[in-house]
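Read off the chains here:
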Amino acid sequence: MKHSFLKLLTATLLLAVGFSGLTSCKPKGTQSAAGGDAAKAYVAPGKYDEFYSFVSGGFSGQMSVYGLPSGRLFRVIPVFSVDPEKGWGYNEETKPMLNTSHGFVPWDDLHHIALSVTKSEHDGRWAFGNANNTPRIARIDMKTFRTTEIIEIPNSAGNHSSPFITENSEYVVAGTRFSVPMGDNQDVPINTYKENFKGTVSFIGIDKTSGEMNVSFQIATPGINFDLARAGKGRSAGWFFFSCYNSEKANTLLEVNASQKDKDFIMAVNWKKAEEYAKAGKGVKKQVRYAHNKYNESTHTATSEIKNEVLMLDPKDCPDMVYFMPCPKSPHGCDTDPTGEYIVGSGKLAAVIPVFSFAKIEAAIAAKNFDGSYDGIPVLKYEAVLHGEVQKPGLGPLHTEFDGKGNAYTSFFVSSEIVKWSVKDLKVLDRVPTYYSIGHLSVPGGPTSKPHGKYVIAYNKITKDRYLPTGPELTQSAQIYDISGEKMKLILDFPTIGEPHYAEAIPASMIMKNSQKIYKLEDNKHPYAALGDDNAKVVRKGNEIHVYMTSIRSHFTPDNIEGVKLGDIVYFHVTNLEQDWDVPHGFAVKGIANAELLIMPGETQTLAWKPEKAGVYPMYCTDFCSALHQEMQGYIRVSPAGSNVPLTFSTGTNLPATTPAATGAPSTK
Amino acid sequence: MKNNLSITSRILVAFASGALIAVFFLPAWRIDLFAPQYPEGLMMNIWINGLSGDVEIINGLNHYIGMKHISVDMFPEFKYLPWVVGFFMLLGMIVAITGKRKFLLYYLILTVIGGALAVWDFYQWGYDYGHNLDPKAAIQVPGLSYQPPLFGHKRLLNFDAYSFPDVGGWVVIGASALAFSVWFTEWYRHRKKQIV
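First to last, the sequence lines map onto chains A and B. According to this note's numbering, the first sequence is numbered sequentially starting from 1. According to this note's numbering, the second sequence is numbered sequentially starting from 1.
Isolated chain B, as found in the complex (with noise of 0.2 Å):
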């Protein structure tokens, strides 16, 4: 019984996981831009498994300077994402279920590794959407690229570019900051109980 979870911990880490679900029905998310001919902005916001917002407008501008066209065949990841979230949140559950404190760092190594490969594809996709342009596009500014900023702001020409998490975003880093804190408060007590 040592190495189990307490019965709050297990209902925090199925709750946590349950969350998850939030990013079928939220966007994940979102780059605004601003310009001055844009003072009201576009938005494009970004699914696990699709795009929404001024997608065809940002294209529309973005190909002067020869930017692939945005659209949802060019991300793989829309097919696989889903799964791996439904992934994420069955290994919760059985976290949940099993109680074993074991599986809960495991899950939480797992989480690490796919925030750290998301935020590593995402980069990649950047890169090559913001250098890999048109060789015959009309507007080449010799050794300007435009890749969009991972997080936070970017001024790119014309565009002051801004990226973060969307509704959605922000609800599985709330549910992994909270699994993290169930396995700390676990692991704490448990340190606790062993010095006595």
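The shape of chain A in the complex, shown without the other chains (with noise of 0.2 Å):
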């Protein structure tokens, strides 16, 4: 009895142990993350950032503007989709910035950014964004930090490739996503697909002074999916590289359908020599409809303009354009170094990362070592054109960027981390997790010939538990680590505004002194702008009412509005008169069925309105302007649709200055 009770608290005894040594085998607390680094991310109050970062909102539709390496939130941009706070797409100024071939459309899905670059440098001047839905990529001016541009692009569905830019901003492109029936007939059976789905790759031109954008020329693909791309640089400045997956041109159940073949293809475009064929006549013409928004500095008004042309160059009639690597299984991220000789690609699936060399595509390509053809356009031979493959860098890997001391830093969604490795010799040098499944990643500058290296951030797919929690619905996290050792360093975790896709930094002293503090009165050019109180009215122009409004700290003028009558639109034209950095004004009123306006100094917005009931209606400022705000209100009068309240309107006095008695019954007189 005795005995065999010291046998079960023994047994018990090894058990306990045994269950501890078990629960000890846990994977490390994601804790042990950051530790004493993180006085590298501290930016003390009052200092600024180094860097500015703006980053893809993905589903959000917008762009948002962090600083490095603090991770504060400075702005949201809004870009494809419409925004109430600021009035973008409500306020007749800048509803003409979201329409399409398919009319107004009021959200999309931004992926990548591309700053503007001059010999492959960051020159500060325009960030673009790709809208993948709709597609169509918006220009931003960093001075103002605004959209004034939107550009449709024809023949493409999803622009998933875009918008990467050339090494002195000449084009911005645009690689369809989706394969899709293309010209007169469009209705066709989807299983047709192998005959009747194209593809295109479009090369949107870009004013060197203006920075307006236009279609220069498509060029027409195989039916494949475009997933990214990234220009040449230096030598191969003159050639684009865009990955492309689904060569066995599925229509259904991609995930298997797309992934049979063992090697996808980078199509590399010399882009020089299509421009080339464009002006030399090689192109044909095709009717196509889509939109060109561009949004006027001077009378901060957008304007719509549907174009029904594009130039389409087939790569059968322009030889040496367009040649395919193979790439293995399915290529995602389709990444050149500084120096423009090495183009890495990153198979989704693969178990390497396979490094091409420019020169040896050039040599390829001059001794015609080909590998057949896909639909008529010459396949270079894969060991041909390599440089060599990074062996066991892990699972999953999507995306590189560079530091410009010859290293490549690739994010992995699988194995939730960031490779370090060596561009010339492909050794893996360091690994760091991310938290967690880590999509594109960022080095301030790293698509550029001059990377300003220090950090680099990872922009996670998964939250889970990084943060307090929020419900089924998280934030997106992102991480800085520090990269100017030989080991990367997580030193910042910070939560990030929609599903940020790609982002790029640059330092702040390029951007900083360029950003506009105010809209000049005197550059007003707004046709509706009342430029001072004595200019204020309101005019009628059929059911139409005008009203000119001023905002100053702090009144509205006019204030009192009688004489709207029930089937008229009120278009209030508001100009902020103040032309002091910071002091916007708002505009709201009670019932409204649109949004509010958000008014910058010196600047003047629209704002519709369609009153459905006859009463009186408040208005107010909705920006906290001065210690008298909540003073900065008024009124309108809204008359049955027989009504004979004449049209007046004031501000500190009362006009008409007798009231009548009557209580909204038309006044007699």
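I should point out that these hints are in silico values taken from the structure, not numbers from a laboratory. Wrong hints could be hidden among the right ones.
[Said to hold, decoys possible] Taking lysine to aspartate or glutamate and the EDC-like style, the derived pairs with C-alpha atoms no more than 20 Å apart in a straight line are:
| hint | chain 1 | residue 1 | chain 2 | residue 2 |
| --- | --- | --- | --- | --- |
| 1 | B | K68 | A | E248 |
| 2 | B | K136 | A | D533 |
| 3 | A | K517 | B | E56 |
| 4 | A | K194 | A | E248 |
| 5 | B | K136 | A | D559 |
| 6 | A | K520 | B | E56 |
| 7 | A | K285 | A | D184 |
[Unchecked claim] Here are the simulated distance ranges between beta carbons:
| hint | chain 1 | residue 1 | chain 2 | residue 2 | range |
| --- | --- | --- | --- | --- | --- |
| 8 | A | K208 | B | K136 | 29 to 37 Å |
| 9 | B | G66 | A | Y48 | 51 to 59 Å |
| 10 | A | A38 | B | V167 | 21 to 29 Å |
| 11 | A | D523 | B | F164 | 30 to 38 Å |
| 12 | A | T303 | B | M74 | 51 to 59 Å |
| 13 | A | E522 | B | K154 | 27 to 35 Å |
| 14 | B | K79 | A | K208 | 21 to 29 Å |
| 15 | B | I94 | A | D523 | 42 to 50 Å |
| 16 | A | G46 | B | N158 | 13 to 21 Å |
| 17 | A | T144 | B | Y123 | 39 to 47 Å |
| 18 | A | T303 | B | V119 | 54 to 62 Å |
By construction, the Cβ of each residue, glycine as well, lies at the ideal position given by its N, Cα and C atoms.
Join the two chains, each given in its own frame, into one complex according to the hints.
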């Protein structure tokens, strides 16, 4: 009995020890993270960050601006999605910005950022972003941090492979993510994909001084899917490299059917040659419909123009323009190193990272070292163009950035890590975990010929337990790693807006000195601007009522308006007369089925209102502008359709001087 | 010849009065305002014939406490000041050309009177601007006035106000100092000669 009791006790103890051993086998807490290095991300109150980071908003459709290394959010720039807080897409001035060949589209999915470059180095002028859903490219002016142009891409469906940029910002590109039927009859059975579906890559020319975009030419391609792209640099600057998947040309269950082949392609386009062909008239003009929307800085107003023609180059008529390079398993990222000699393909399902050599590509083309052709386009021999493969780098390589010291940093979605490797000898140097499942990564200046280095930022797809939980829906997480030493060190973890895909960071010194503070009133050429309280007025044009309104601390002129009738559309053209930095005024009307306005100093914005019921409607300033902000308010009286209340307006005095005793009934006189 | 200025003195006087031309191209006075919301400061430059700087912003802020809207029209001085400066330049040149020591003394006496009048005028304007407030002003603090400092620093509600000569003003001060020192040197030399 005693013996068996001892046995039982020993067994229990052993079990307990065993379990405790098991639990200690759990992976080390992810909190092992920052520690003493967090100070490197600390930017003291009142001090400025070293970098601006322009971060795509993904499904939010916007672009956000963060400081690095602090991870502080400065601004969310409305781009493809409406933003009622700023009146973006609601006020009359910006509605045309979201016009497309499908009409007004209030939303999109902004994936990638391209900052303008000169000699493949950042020049701090514009940021470009792509709309992945309804294919478009937007241009953001870095002086105003506002979207100033949006161009729709014809013959495209899902503008994912975009808006990457050439060495002197000659072009941004747009490769279609979906191949689709093109031309007059697009009503075809989906299972005729192989015959009827085609792809395109578009080259959007950028005006050197104004930045204005135009679809310069498109290249017709086989019906495959374009994923990402990068321009060459230095000697390869005349080329563009596009990763593609679905060379199987599947139209259903792509996760299986588009993963059959051992190798897909990176498409190499000699864009300088394409440009020559376009100029030489080798292209065919195709009838299309696409919107081109421009914001005019002096009228503060956007216009939308529908264009009907595009120049299409067919590789069959344009030899030596397009080549395919085999790349293992559905390549995603396609990145060129700072010298332009190496092109890194990242096969999402590949066990290696292939690195191609531009010198070898040139040699293989010269020697016609082909491995057959794909839809008539020559395929270069894999071994002939390969610089080498990074062996056992990790699982699920996606994107690669560079630090300018000969190192590459590749993100791995499946193994959730960043791997640092040497471009020259393809040796893995270091790896750090990310939290969790990193998508894109960003080194300041990483895609340029002169990376600024210092940090790599991981933009992750899964957040889980990184922050305090907020129900099923969580923010996205990003991590900053210090890469100044041999080893990458996590220094900060910060939440982000929307779902960031790509981001680009640029030294603050290149942007902040140009940042605009106000819109000068003397330059305000808005047709409905009231430049001074004395110019405020209310004008009836048929059933339109135009209120030329001014706002200045702390009143609107006019702030009492009568004579509006049901059936009228009231346009409030509000001019903010302030000329001092950071004194915006807001404008809102009770019950308005539209949005509010947020008007910067010197700016004019217009809010349209169709009142549905007679009565008196309050209006007020929504931006706390001054000590008497709360007093910045007024009234608009709306009378029935047949009413004979005269149109009057005033501030500070009563007009009409004697108020009829009537309570909404037509006044008698 | 005894009562005449040396050639060096005459050149210096000519130079001093000629230097006054600077105030036609440079602001004479500046007022700087700092507040928690304005760490970068607001500035108003006063010229002999006008104003520049953040005048509109200052007006926008000051209307809350009922201060008048500062504009060029409220200063008749801007109409005649250029003539006054021109007159002093002409006078200085006459002193230099004639070389009479007595004339230099008169010139300096006039300079002192002119300077005193300018200070008095500036004080008068500042007093009126700071005291004569709109009775319907939004913010009214009983017993409080907002007269800007004549010279140096003064706290006005949430603002630290500083009033100092601007570049043009310093040129005028320098030129006057030069003219004075010329007179003193001449006076000292003359006295020594008399003793000898």
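Hints versus structure:
Between K68(B) and E248(A) the alpha-carbon distance is near 78 Å, which puts this suggested pair outside the 20 Å criterion. Proposed proximity of K136(B) and D533(A) is supported: the alpha carbons are some 19 Å apart, at most 20 Å. As the CA atoms of K517(A) and E56(B) are separated by approximately 16 Å, the hinted pair is consistent with the 20 Å bound. Distance hint between K194(A) and E248(A) is fulfilled; the C-alpha atoms sit about 9 Å from each other, no more than 20 Å.
Among the hinted pairs, K136(B) with D559(A) is consistent with the structure: their alpha-carbon atoms are about 19 Å apart, no more than 20 Å. At roughly 13 Å between alpha-carbon atoms, K520(A) and E56(B) fall within 20 Å of each other, so this suggested pair holds. About 14 Å separates the Cα atoms of K285(A) and D184(A), which keeps this hinted pair within 20 Å; it holds. Against the hinted window of 29 to 37 Å, the Cβ-Cβ separation of K208(A) and K136(B) comes to about 56 Å, which falls outside the hint.
The supplied range of 51 to 59 Å is broken by G66(B) and Y48(A), whose beta-carbon atoms lie about 38 Å from each other. At roughly 48 Å, the beta carbons of A38(A) and V167(B) sit outside the given window of 21 to 29 Å. For D523(A) paired with F164(B), a C-beta distance near 33 Å keeps the hint of 30 to 38 Å intact. For the hinted restraint 51 to 59 Å between T303(A) and M74(B), the CB-CB distance of approximately 44 Å leaves it violated.
Checked against the hint of 27 to 35 Å, the pair E522(A) and K154(B) passes, with Cβ atoms roughly 33 Å apart. Look at K79(B) against K208(A): about 50 Å separates their beta carbons, and that is not inside 21 to 29 Å. Evaluation of the 42 to 50 Å hint for I94(B) and D523(A) yields a pass: the beta carbon distance comes to about 49 Å. The given range of 13 to 21 Å is respected by G46(A) and N158(B), whose C-beta atoms sit roughly 19 Å from each other.
At about 45 Å, the beta-carbon gap between T144(A) and Y123(B) stays in the expected band of 39 to 47 Å. Roughly 58 Å separates the CB atoms of T303(A) and V119(B), a value that falls within the hinted 54 to 62 Å.
Hints 1, 8, 9, 10, 12 and 14 from the earlier list are contradicted by this structure; the remaining hints agree with it.
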